[in-house]
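Using the hints, position chain B against chain A.
In case you want the letters, here they are:
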Amino acid sequence: MASRLDKSPVAIWWRTIDRWFLAAFLSLMGLGIILSFAASPAVAERIGLGSFHFATRQIFFTLPALAVMLAVSFLEAREVRRMALIMLCISLVLMVAVLYIGVEVKGARRWVSFAGVSIQPSEFLKPAFVIVCAWLFAEHARQPDIPGNLFAMILLGVVVTLLVAQPDLGQTMLALGTWGVMFFMAGMPWLWIVVLGALGAGGAVAAYTIFPHVAGRIDRFVTGEGDTFQVDMGREAVINGGWFGVGPGEGTVKRIIPDSHADFVFAVAGEEFGIVLCFAIMFLFAFIVLRGLNTALKEQDDFTRYAVAGLVVVFGFQSVINMGVNLQLMPAKGMTLPFISYGGSSLIAIAISMGMVLALTRKRPEKRKQVGFSGLSQHAMPAE
Amino acid sequence: MKKFWRKRISKAESSTASIVVDGARKATGGRSKNRVVMTMAVFLGIYATIAGRLVYLGFQDPEASGGPVSRVTASRPDIVDRNGEILATDIKTASLFAEPRRIVDADEVIEKLQTVLPDIEVEQTYNKLKSGTGFVWLKRQLSPKQQNDIMQLGLPGIGFRTEKRRFYPGGPTASHILGLTNIDNQGIAGMEKYIDDQGLADLQASGLAVPKDLKPVRLSIDLRVQHIVRDEVSRAMEKFHAIAAGAVVLNAKTGEVLAMASVPDFDPNNPYNALDKDHLNRMSAGTYEMGSTIKSFTTAMALDSGKVTLNSTFDARRPITIGRQTIRDFHGKGRILTVPEVFIYSSNIGSAREADVVGIEGHREFLKRIGLLDRMKTELPEVARPSEPKVWKKVHSITIAFGHGMSTTPLQTAVGAAALMNGGLLFEPTFLPRTQAQADAVATRVIKEKTGEDMRYLYRLNATAPGGSGKRAAVPGYRVGGKTGTAEKVVNGRYSSTVRFNAFVAAFPMEDPQYIVLSIIDEPKPEKPGAGATAGFNAAPIVSNIIRRSASFLGVQPDFGHETEAKLVSYQ
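As given, the protein sequences belong to chains A and B, one line each in that order. So the first sequence is residues 1 to 384, counted in the UniProt record's numbering. So the second sequence is residues 1 to 572, counted in the UniProt record's numbering.
Hints were generated in silico from the structure; no laboratory data involved. Idealized CB from N, CA, C, for every residue including glycine. Each hint should be verified, as a subset may be incorrect.
[What the hints assert, rightly or not] Straight-line Cα separation of at most 25 Å, DMTMM-like style, residue types lysine to aspartate or glutamate; simulated pairs: (1) B:Lys-33 with A:Glu-250; (2) B:Lys-33 with A:Asp-6; (3) B:Lys-393 with B:Asp-329; (4) A:Lys-106 with B:Asp-329; (5) B:Lys-112 with A:Asp-18.
[To be verified] Derived DEER-like restraints, expressed as beta-carbon distance ranges: (6) B:Tyr-126 with A:Arg-19: 55 to 61 Å; (7) A:Val-105 with B:Gln-114: 28 to 34 Å; (8) A:Ile-33 with B:Arg-140: 28 to 34 Å.
Bound-form chain A, shown alone:
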């Protein structure tokens, strides 16, 4: 281990990094690669690509993702904020652009192509949005006359508008939910909670009435009638796998579900490696989310608290929705399982988010309390 005397950046990083988080993220990345070998060859063969097309690409994306995550984890909180601000601006521009120059896939424009690389700006928007909102909430808390909450609300409005325009209801839900949780933690008054809750319910009803495919999915989930094929298959795959799975490569569901390497990788894992592995994956996610929230709880700095909480909440929401759909606990909704589902943009963006989590949770000397107006208070508080 690096000596305390070693003042090189890497040594400091190694001393201060939250190694539990790091281990959990690396485990998930490793599982992502292993499961891509299980789930994706069937899909690749079906659409006429080489058997290991997606598996190779998953590895190909994992390496830069790992690099990005580690690189981001070196940043200071202020640098994280700046990076997020830049990312937010670029993402917003791209999300406007995507409406005009985006590639239409299955009725939605979510992708832009740059020099042969397709990226999904909304994936990169999420961490940036969370960090910027955390900053706005924290600023408002620090100085109530800064209209941080108002700006956060405006920002939410812009983001939601752009996401609905694509349309991408999954990401919209994520953005709304995460923002809501962050605002909730930032001390939203209960009256607001009721009002916003009502608005959210209204939004849900609106989505149900406006988008027929949303209505269809919910109807099918509630009544169990109609084309519940994918979800049925997911559940049956897990049942079929049992506790210890049918064995690697022996699964059948991956040959049947079109998106088995993306949205249904959890079911594939269940069928081939058993419910035991499903539990392991679930525990990893739960561990990350709860440890993140626990860190936020102990955190002194408002910005860091909101940021870490917001980032793990997005992460948690995604994992929960994906697993819930796979296990037929909720209506079908395309949602990637962070780190594990196939997808370049998603993987890099998650790596950035978790890099930010690592950066923000690094042990550091307790900051001086910025009590009252800055510069007024000079007390030094001892580290906890």
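Just chain B now, kept in the frame of chain A:
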């Protein structure tokens, strides 16, 4: 955590400079922490729900999730001939099924399956695959190569199930006797159906038909003789350009059927044409006006009545006219004929007069007694009911005396002939082994011993005497006797003089007949222009060929004594 908060406040209180601001600041910090705890609780709850769901799914039974229900494959006992040769047996085949709920792309499945099974019905299969059910058969009973090829396609959602399939090593040899099974291995015709009706079907339905428990079913058939019979009738049908032919070999003393064939027949391994109308089993399921062979019964009836002896005479000089019909003789002698002459010259007029001696009622009663008017009882399900006039009048008695106006099956004609030859005992024919003791127990006496003796004399005479119609049935050494029958068929409501149904009923060896051989041939043409097409030319040779080829299998010793004696005399 609350303690922590209080500590903060107490520390804040100690700092008087910014006590108000700091207090407010800490208050929001405390609320924030509370809310983080709430969020954690919610996430914990959600993950616990997912964990619970995983445990719940872990304890679900995979079968209950909609796999195909396992089905008991019906096993059938082997069928063997009287010597234990296999006639029918079960083999295992693979059948292709699909689980439509697991099929992703029905078009792809059909397209790929077509490369192996070109005859697959596209639309029907598509509908099956789109039905959303758990299980459909796509193709039953594939060959091992087809199964392997389909495996190679690697299609999801389809599978194979081992099924039992009936296999008949002899192909069409005994098709009409053995019958058929359907795709589910249930007997639907012939002895296969008989076996099911004896309780196998119930056994299968209850799932108790375990292969090792099923004892082979032994038939009375002798495969060697069966092969000869089918071979001969097929050849005859071809040779005489007939539309059908058939023959039966019957044990005259027990009623066991040793062989029976009717062509055209079918291959039970590939019974695509088994239900065609002309592929029926004519021997038991076809009824025909048997023609002059019936004169055997008319003569026996007359002799058995006691009013007529072999020395009685009948006036056959003039045709009989009754109503609009005139009865003539085919081989008219134009004189008074004795009973043997009526028989060997096959005189219609003489036969009519013989029937007249017994009377209409007596005539019908005799035919009923000898079983020609009732539906024969035997194991085969395919048995036709004979037809007779609703009300017997004089004209019916006259025509029936020489075999017209009444239709019966060839098989029961042979059974009746057996009674005439064996001294008067009538049995139901059987396709299962029957010992002499069992036969005696079920036999009924229908004519007197003496009548039987006379009939044997007449049969033998008909095959040996000059002018006898059965000479072509003679087989050196085997003392064959018999009676021909050439019936005119009804074409457009009239008897045709060119379209015929011929039969020959024979017994051998005549001093103590062991076997009855009866042949039929439907609409035979002359072998070459100018040759005859009556029974003597075609039906009788079938019988002689069968006897010549099969007598040694049937255990009849050849005896050339009489012929060699005659030769010795002539050489002197």
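Exercise for the section: Could you tell me which of the hints above the structure violates, numbers in ascending order? Expected result: 1, 2, 4, 5, 8
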